[in-house]
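Colleague: The chain contents come next:
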Amino acid sequence: MNLRLIKQRFMLHLDPILMSGLGALLLVSLLTLYSASGGNEMRVFGQLGNIAIGFVALWIVANMPLHWLMRIAVPIYVLGMLMLIGVALFGEISHGARRWLNLGFMNFQPSELMKIAVPLMMAWYFEKHEATLTMKNYVIATLLLLMPVALILRQPDLGTSILIAASGFYVLFLAGLSWRIIGGLLVGAAASAPFLWNMLHDYQRHRILMLFDPSQDALGKGYHTIQGMIAVGSGGLLGKGYMQGTQTHLEFLPERTTDFIFAVWSEEFGFVGNLFLLGLFAFVIGRGFMITAAASTYFTRLMAGSITLTFFTYAFVNMGMVSGILPVVGVPLPLVSYGGTSMLTLLLGFGVLMSIHTHQRLVKT
Amino acid sequence: MTPNVELKNHQRERYLFSLRLIFCLGFVAVLLAILVARTFYLQVWKHEYFDTMAESNRIFVVPIVPNRGVITDRHGEVLARNYAGYTLELTPEKIPDLNATIAEIGKLVEIKPKDLRRFRKLMSERRSLQTLPVKTRLTDEELARFAAQRYRFPGVEIKARLFREYPLSETTSHLLGYIGRINQQELDDLEKKNLAGNYMGSDYIGKTGIEERYEKEMHGVTGFEQIEVDAGGRAVRMLSRTPPQSGKDLRLTLDAELQKVAEEAFGDYRGALVAIDPSNGEILSFVSKPGYDPNLFIDGIDTESWDALNNSPDVPLNNRALRGQYPPGSTIKPFMALTGLHYDVRSPGFSISDPGYYMLPGSSHQYRDWKTGGHGRVDLFKSIVVSCDTYYYGLATELGIDRMHEYLEQFGFGKQTGIDLKGETSGLLPSTEWKRKRYEQIWYPGDTVSAGIGQGYNLVTPLQLAFATAILANDGVAYKPHLVKEIQHAPDEKQAQPEPLYDLHIPAEHLALVKGAMQAVVKPGGTAVGAFWGVPYPVAGKTGTAQVIGMKQGEKYDEDKVSEYNRDHAWFIAFAPADKPRIALAVLAENGGHGGSTAAPIARKVLDYYLLGKKPKPLQKVIEKEGAEDD
Numbered sequence: 001m002n003l004r005l006i007k008q009r010f011m012l013h014l015d016p017i018l019m020s021g022l023g024a025l026l027l028v029s030l031l032t033l034y035s036a037s038g039g040n041e042m043r044v045f046g047q048l049g050n051i052a053i054g055f056v057a058l059w060i061v062a063n064m065p066l067h068w069l070m071r072i073a074v075p076i077y078v079l080g081m082l083m084l085i086g087v088a089l090f091g092e093i094s095h096g097a098r099r100w101l102n103l104g105f106m107n108f109q110p111s112e113l114m115k116i117a118v119p120l121m122m123a124w125y126f127e128k129h130e131a132t133l134t135m136k137n138y139v140i141a142t143l144l145l146l147m148p149v150a151l152i153l154r155q156p157d158l159g160t161s162i163l164i165a166a167s168g169f170y171v172l173f174l175a176g177l178s179w180r181i182i183g184g185l186l187v188g189a190a191a192s193a194p195f196l197w198n199m200l201h202d203y204q205r206h207r208i209l210m211l212f213d214p215s216q217d218a219l220g221k222g223y224h225t226i227q228g229m230i231a232v233g234s235g236g237l238l239g240k241g242y243m244q245g246t247q248t249h250l251e252f253l254p255e256r257t258t259d260f261i262f263a264v265w266s267e268e269f270g271f272v273g274n275l276f277l278l279g280l281f282a283f284v285i286g287r288g289f290m291i292t293a294a295a296s297t298y299f300t301r302l303m304a305g306s307i308t309l310t311f312f313t314y315a316f317v318n319m320g321m322v323s324g325i326l327p328v329v330g331v332p333l334p335l336v337s338y339g340g341t342s343m344l345t346l347l348l349g350f351g352v353l354m355s356i357h358t359h360q361r362l363v364k365t
Numbered sequence: 001m002t003p004n005v006e007l008k009n010h011q012r013e014r015y016l017f018s019l020r021l022i023f024c025l026g027f028v029a030v031l032l033a034i035l036v037a038r039t040f041y042l043q044v045w046k047h048e049y050f051d052t053m054a055e056s057n058r059i060f061v062v063p064i065v066p067n068r069g070v071i072t073d074r075h076g077e078v079l080a081r082n083y084a085g086y087t088l089e090l091t092p093e094k095i096p097d098l099n100a101t102i103a104e105i106g107k108l109v110e111i112k113p114k115d116l117r118r119f120r121k122l123m124s125e126r127r128s129l130q131t132l133p134v135k136t137r138l139t140d141e142e143l144a145r146f147a148a149q150r151y152r153f154p155g156v157e158i159k160a161r162l163f164r165e166y167p168l169s170e171t172t173s174h175l176l177g178y179i180g181r182i183n184q185q186e187l188d189d190l191e192k193k194n195l196a197g198n199y200m201g202s203d204y205i206g207k208t209g210i211e212e213r214y215e216k217e218m219h220g221v222t223g224f225e226q227i228e229v230d231a232g233g234r235a236v237r238m239l240s241r242t243p244p245q246s247g248k249d250l251r252l253t254l255d256a257e258l259q260k261v262a263e264e265a266f267g268d269y270r271g272a273l274v275a276i277d278p279s280n281g282e283i284l285s286f287v288s289k290p291g292y293d294p295n296l297f298i299d300g301i302d303t304e305s306w307d308a309l310n311n312s313p314d315v316p317l318n319n320r321a322l323r324g325q326y327p328p329g330s331t332i333k334p335f336m337a338l339t340g341l342h343y344d345v346r347s348p349g350f351s352i353s354d355p356g357y358y359m360l361p362g363s364s365h366q367y368r369d370w371k372t373g374g375h376g377r378v379d380l381f382k383s384i385v386v387s388c389d390t391y392y393y394g395l396a397t398e399l400g401i402d403r404m405h406e407y408l409e410q411f412g413f414g415k416q417t418g419i420d421l422k423g424e425t426s427g428l429l430p431s432t433e434w435k436r437k438r439y440e441q442i443w444y445p446g447d448t449v450s451a452g453i454g455q456g457y458n459l460v461t462p463l464q465l466a467f468a469t470a471i472l473a474n475d476g477v478a479y480k481p482h483l484v485k486e487i488q489h490a491p492d493e494k495q496a497q498p499e500p501l502y503d504l505h506i507p508a509e510h511l512a513l514v515k516g517a518m519q520a521v522v523k524p525g526g527t528a529v530g531a532f533w534g535v536p537y538p539v540a541g542k543t544g545t546a547q548v549i550g551m552k553q554g555e556k557y558d559e560d561k562v563s564e565y566n567r568d569h570a571w572f573i574a575f576a577p578a579d580k581p582r583i584a585l586a587v588l589a590e591n592g593g594h595g596g597s598t599a600a601p602i603a604r605k606v607l608d609y610y611l612l613g614k615k616p617k618p619l620q621k622v623i624e625k626e627g628a629e630d631d
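Line by line, the protein sequences are chains U and X.
Under our numbering, the first sequence has 133 at position 133, and the numbering climbs by one with no breaks.
Under our numbering, the second sequence has 442 at position 442, and the numbering climbs by one with no breaks.
Next up, chain X with everything else stripped away, as it sits in the complex:
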C-alpha cells in the first residue's frame, strides 16, 4: 500500500466517520424526543388518571358507623337502646379449616351449641368476606383469654361494637320489630336505592316494625376517615375525618307502662289490643299476644328457636294488631246504628218487636238472634245495649250493602289506616262491586243480613277497629293513627303533626244517642256490666263475638263442644271518659268466647290504669260470668 492510498483511505475514513457520527446524533435526538413525548404523555396527557391511581394508592377510606337512634316511649322510657360489647367474629374465607378453628376457639371461650347453630345459619346466608359472629357478648375474662392467644387465629377478630337491646322484650316485640344482619337481598336493595355507601360499615338493618319503618331516620349518616397509608398498609396519618351523624332518636306515642299493663291483662289469652288517643291519633298501646323475644333475632336466630317460634300453634310471629283479620261481630253495631241514622232509615223512636229471629221477605230461612225468644221491643238505644241481632238484620236489609259500604268506609273499615308500620292489612268491607270482582257473583240479600251484625264477608284488624272507635269517640273527626310522636332534630314539617284527616259531620243528636247507648252497655242490663262494675269514670263500650266456625241452621253453638282454637273470638271496643274521651281502644281475645267476659275485663284494666293510674292484679283465665249475658 502506498502512502497515497493510505492517505486517501484516511480521508475516506474520516468522511465516513463524520457521516456515522451525524447519524448517531440524529439517532440520539430521535430517542430523546421519544422520551420527551413519553413523559408528556404520562405527565400531562394522562396526568389525571395517574394522579387518581396515586391517590387511591395512598388513601384508604374507613367508614365510621353512626350510632343507631334510641327509641323511647312518650314519657322517655327506653324501649330500644345500644350498649357497647365485644364479639368474636371470623371471616370464613380466611380460615382454611373452619371446624378445627372453632374447636380451638372453643377451648378458650365457651361456645354454646346455640352459638354454633346460629353460626351455621349465618354461614348459609352470608355475603362474601363478611365477618360472622361465632360468639357475642364476650365476658371480660374471655376477652382477655382470647386476646392473649389471638396470634394463633388468623381470620378471627375481636370486634367492639354497639349492640341493640330491647329491654321490654316481648312486650314491645310486634311494635318495635328488630334489627338484624344485612342479607344479600337487602344489600342489593340498598345498592338500587344508592344507599350502599351509607351502609359500608353497617352490619345491621331494621327488619320489621318501627325499626324497619324508621330505618332511614334511625340509621344515621356514616362518617368517613381518610387515612394515608404507606405501601405496607400502615396508617401514616389521618387526612380528613367526616364525623358520622348519629341516627335520630324516636319518641313514640306509646305509653310503656300502659303497654305492660295491657300485655299482662291478656294473661294466657292470645289476641291484640290497640289503644288510641282519639283527639290526635296517637297510639298509646299496641299489643299483639303472644309476642316473642326480639333480642334473639339481632345476631341471627338459631334454627331451633326459629322453628319453635315459627311452628307454634299460637303463631307468636304474627302481628295480630296490624295484620290479623277477624269478623268484627257485634262491635260493628254502633257504626251500623250511625249508618241507619245517617240515611234516615232508622229514627231514634222507631222500634221493632223481636221474636228472636229474622226472616227475609218471602223466605222461610231464620236468621237467629243470639238470645232465644228475642229481646221484646227493641229501639235503637236498646239494640246497642243488649246487642240485638234481629234489629240489625232488618236495618241492614233496608240499608242495602252498598250504602253500608259507603258510610262504614269512612270509619276506616276495609282500607289501611296508614299507620307508620309496614305490612298493614286492609280488612274487608264488602260491597256488590267487590263481590262481583272477587267471586264474579251477584250479591244475595242473605249476604247483607249477616253483614249487618259484622259477620259474613266482613273482616277488620284490631287496629282498624280501634281507629273506628277513636273516630266515633272524637265525634266523627278522624286522626291518622301513628306511633312516632317526635323524631329528634327533625324539621317541624317532618314531625307527625296531628292534623285531622276528615270530619264525618255526624249530627250531635245521633252521637248522643249512640254514645249514650254504649255507656249503657257497661251498666246493669248491658252486655259488659260485669267487667265494669263500679267503674268511677263514664265509659262507653260495645261487646262483640266473632265466629270462627259457621253454625248450621238449627244448630246451637256450645263452647264446651268445640276445640279451643275453634272457639269464638271475643271483641270489646271502648272509649273513656265517655263525655271527653282521652282513650279509645279495641281488644280482641282470640278464642276468648264472649266479649263481655274476656275482652271487656282486659279493656277495664287498661282504662283503669290509664285514667286512674291503678295497676291491676294478674288476670285469671277463668272469669266468673257476672250480670248480663253477652251476645
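Next comes chain U alone, as it looks inside the complex:
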C-alpha cells in the first residue's frame, strides 16, 4: 500500500465537511485557552492531548459498522446503569457531589458514558419496535430515560442530567411522541415544578434564583453571572483584542478555561467574534441535520438526530448561562471548554454521526 491508499483508508469513514467544522471549533478552543490561562502552554498541550484521545475514539467509532453499534447498545446501557448505582452506593465524593467511581486504576464518571448510552439504548429500542409503535413503547422508552436521569440528578449533577434528559427527549420527539403527550408532559412538568424545586439542592435553587436578579448577591452566588455578563458586554462590537481582555487576564472572570470560556472569547473578539463562533456551531449542527435527514434506518435517524440536537443543547445552555439568560448549571461549551471527559464523549458522538453517514453511503454504492 502506498501513502495515498493509506490516507484513503484513513479518511474512508470520516466526513470531511463535519471534520472541517469540528477542526475550526477545536482551533477556537486552543486559541482561547491560551489566552484564558494567561499564556500557559500547558493548558493548550493538555487540551491537544484531550483532542488526540477523543479523535482516536472518534476514528474507531466512525469505522464501526452500524450493526455493531446496535449490538453494543444494550450492554453499554446496562453497564452504565450498574455503575451509576455503584456511584450512588460507593462513589467518591468531591466538591460535595458523588459523581466519580474509583475503578482502582482510574476515576471514572459514569454519567458521561450515559450521554451516549441513553440515546443509543432508546434508539435501539425504537428500532426494535419500528412501525409498530404503541403507547406502551413510549412509556418504556421514557422509563429507560428517567432511571439514569434520576440517579444523576441525585449525585447531584444538574447540568449532566439536563443534557441526558434532553438527549433522550430528542429521541422520543423524533420517534414521533404525540404532541398531545408532549403538551401533557409540559403541563405535568409545570405542575410538578414546586415538587422538583424541593428536590433541588440549595445551591441549585440559588443559581436559578440568581438568574432573575444576579445583583442581589453580587459577591456571592451572583458573582459568576455578573462577571460573565460584564466580560461579554465590555467586549463590544469588535472585542478588546486577543490576550487583551481585562476581565479575563485580571481574573475577575471565574472558570475561565472551562464553563466561562465563551466569555473570554466574547470579551476579546466582541460581537463579530460571537457571530463567527455561532456560525461555526450552526455549520456543525447543520451538517448533523443533513446526516440525520439522509440516514437510512430508523435507528440511525434517531441516533443522528439526538446527537446533533444534544450538541446544540450543550452549546445553547452554556452560552445562555454565560450571557445571563439561563442559570449557571455547570455545562461546558462543547469542544471549546477545557476538559478530557466531555471532549471524549462529544467526539465519540461525532464518531457515531460519521459512522452513520459513511457506512450507509457505502451500502448505497
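Hints were generated in silico from the structure; no laboratory data involved.
Hints should not be assumed to be uniformly reliable.
[Unchecked claim] EDC-like, lysine to aspartate or glutamate: derived pairs with alpha carbons at most 20 Å apart:
id	chain 1	residue 1	chain 2	residue 2
1	U	LYS136	X	GLU406
2	X	LYS192	X	GLU170
3	X	LYS437	X	ASP475
4	U	LYS128	X	GLU13
[As the list claims (entries may be wrong)] Beyond 12 Å from chain U on every Cβ pair, some chain X residues (computed):
id	residue
5	ARG12
6	LYS46
7	MET53
8	ALA84
9	GLY85
10	TYR357
11	TYR457
All residues carry an ideal CB built from backbone N, CA and C; glycine is no exception.
Keeping the supplied structure of chain U fixed, place chain X upon it in accordance with the hints.
Modeller: Same frame as chain U, but now just chain X:
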C-alpha cells in the same frame, strides 16, 4: 401485520420523522437567533454600561495628598511647617473589641492617658470608616516594635504622614490659627462646594486664622494614581498618575521677631497689639494675649486641655485683636480733633477754660474731667497733650453725634476693616439712626457727651484702632490691613497689592496740628512721657483708658478698690517716626489701668525694636509711675 401495512407505516414514519426534524431545525434556528440577539444586546446595545463596569472592576483610584503650603513671615522665618512622622491609627469599624485592642497596643507602644482621652473625643465625632490616631509621633523604636507584631492587630495601621507644626506656638496662635481633622460638618460643606473630591485623601483642614482663610491656596490639588488591580485586589500596574500640586506657600507681612518682642512686652498682661505699616497696610505684628498652643489642636485636643483653655478666666481662645471690642477711651481724641477741624467747629486758636467738669446747657449734671480742678486754658493742641476731657465734651456736643459718625467712620470705626481673617467684629460707632434701630430710643444729648471721649456706646477692636492710627499716620490715605504679602506662584492680580482704599484729603495744617500734639504726648507735660523718656526717634502717640465698670455721679474710681478684672483697660496708639511713619500701632492692656503706664511701655518696646533693632528686657508688671499722670 401485513408487509403492506408495515410499509405504509414505514412511509408514514419517515414522513413524520421529516416533519419532526424540520420542527427541530426551526427550534434550533430560533434559539440561535435568541443568542445572537442576547449578545447584540450585551455587546452593542449595553456596551457602554458593561465597559464602565469592567473599568471600575479593574481600576482603583488612589488619591495622593498634596503637601500643605508653608507659612513664613516677611523675612522667611517659618511659622507653619510640615514634618514627616508616623502615627498609629485604627479603624473602629474593623475592630470588634476596641478596648482590648488598645490595651494590647499599649503593651508595645506607650499610650498616655492624654492620647486615650483624645481618641475618645475623636471617636464621638468621627466619620464612618475614618481611621483615628491612637498615638501620634511614634519613635523609631516603637515603630519597629509594633511593625513586628502588626499581624496581631487587624484594623490597626501605621501611617506615614506629614504633620503640621507651628514652631512659634502661642506667639502666632491667634494669627495663624490651626488645622484640625475634618469633621462631618466640614465634609458636608466641602461636598456642597463640590470640593469633596479634592479632599479624598486629606485628613486636615484649616479651622481658624490664616489656616482657615487661605485653606484653598494652601491645601493644594490632590493628585491621583489610577492603579490596575486584579480580582484579588493586588495592584498589577499603574495606569496613570496625576501628580498632586502642592499647596502654595504664604509669605506674611508679619515680622516674626517683632511679634515675639511684642508678645514678650506684654509680660503677664492680657491684651492685644496690632502694628501696621501705614504706607501699605501690611500688618507687622498681630498679638492677642494670652495665646494658646495651636499644636494641641491638630490631631484633636484632649478634653482636659480643652476644658482648661475654654474655662480659663483669661479666655485664651478669644482673639482679642480681631474680635475683642472695647471702648476706645481717649484714643479717640485725635480723631475727634480732626472731626472738629473738618467741620470748622474748632479752630486751632480757639481755647476753653476748663473748670474740671462740663455741664450741658440747662442741666446741672457734671461730666467730670479726669483731672480734678481742670487743666486751665485748653486749646486743641493742649487738649490732646494733656487729654482734656472737658474740651471734647463741648466739642462733641457742638458737633452732634451724626457728624461724628459720618467723619469717624472714614477712619474705619464701626465697620470691619476687611483684613484677610475670618470672624472680624465691627465694633460700634453710634449714631441717632443706630440707636433708633437698636433700642427704638431717641438720642440724648448726654449720649453725645460721653461719646466725645470714646466712652458710652463706642466700641473698637484693637485692629480697628491700629487701622485708624495708620490712616492718620499716612495723612489720611487708607490702605486695607492685610496679613499675606505674597502667595507663592499666584498670578500677580491675586497678590495683595497695596492699593490705597481712599484718601480723606485732610488739610496739611490740620494734620500738622494733631500730629504735633501727639508728638507732645510723649514729651514732658504729655501723658506718656514716662514710657518714652529719651526716645531717639520722633514718636506720635495718644493714651487712652477704657472703663470697664461705670462710676456713679460723685463717685471716684480707685484702682485698688476694684477687682482685677474690673479695672480699666489701658490703651495706647502711636506711630513712628512721626515725620515719616514706618509703623503705626494700637496696644490694649486689659485691666491695665492707665494707658501711659502700662500700654505705652509695651508700644515703646515694639517701636524700639522695629526702628532701632533693640531687644528689650522682659517687662515687669509693676511699673513705676513717672512724669505726668495719664487721663
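Colleague: Hint by hint, note whether the structure agrees.
Modeller: Tested hints:
1. LYS136/U to GLU406/X: Answer violated: LYS136/U to GLU406/X is near 117 Å, above 20 Å.
2. LYS192/X to GLU170/X: violated (34 Å)
3. LYS437/X to ASP475/X: violated (34 Å)
4. LYS128/U to GLU13/X: holds (14 Å)
5. ARG12: Given a closest Cβ separation of 8 Å, the condition is violated.
6. LYS46: Violated: least Cβ distance 6 Å, not greater than 12 Å.
7. MET53: violated (5 Å)
8. ALA84: At roughly 34 Å from the nearest Cβ of chain U, ALA84/X sits farther out than 12 Å, so the non-interface label holds.
9. GLY85: Non-interface label on GLY85/X holds, nearest chain U Cβ at 36 Å vs cutoff 12 Å.
10. TYR357: holds (89 Å)
11. TYR457: holds (68 Å)
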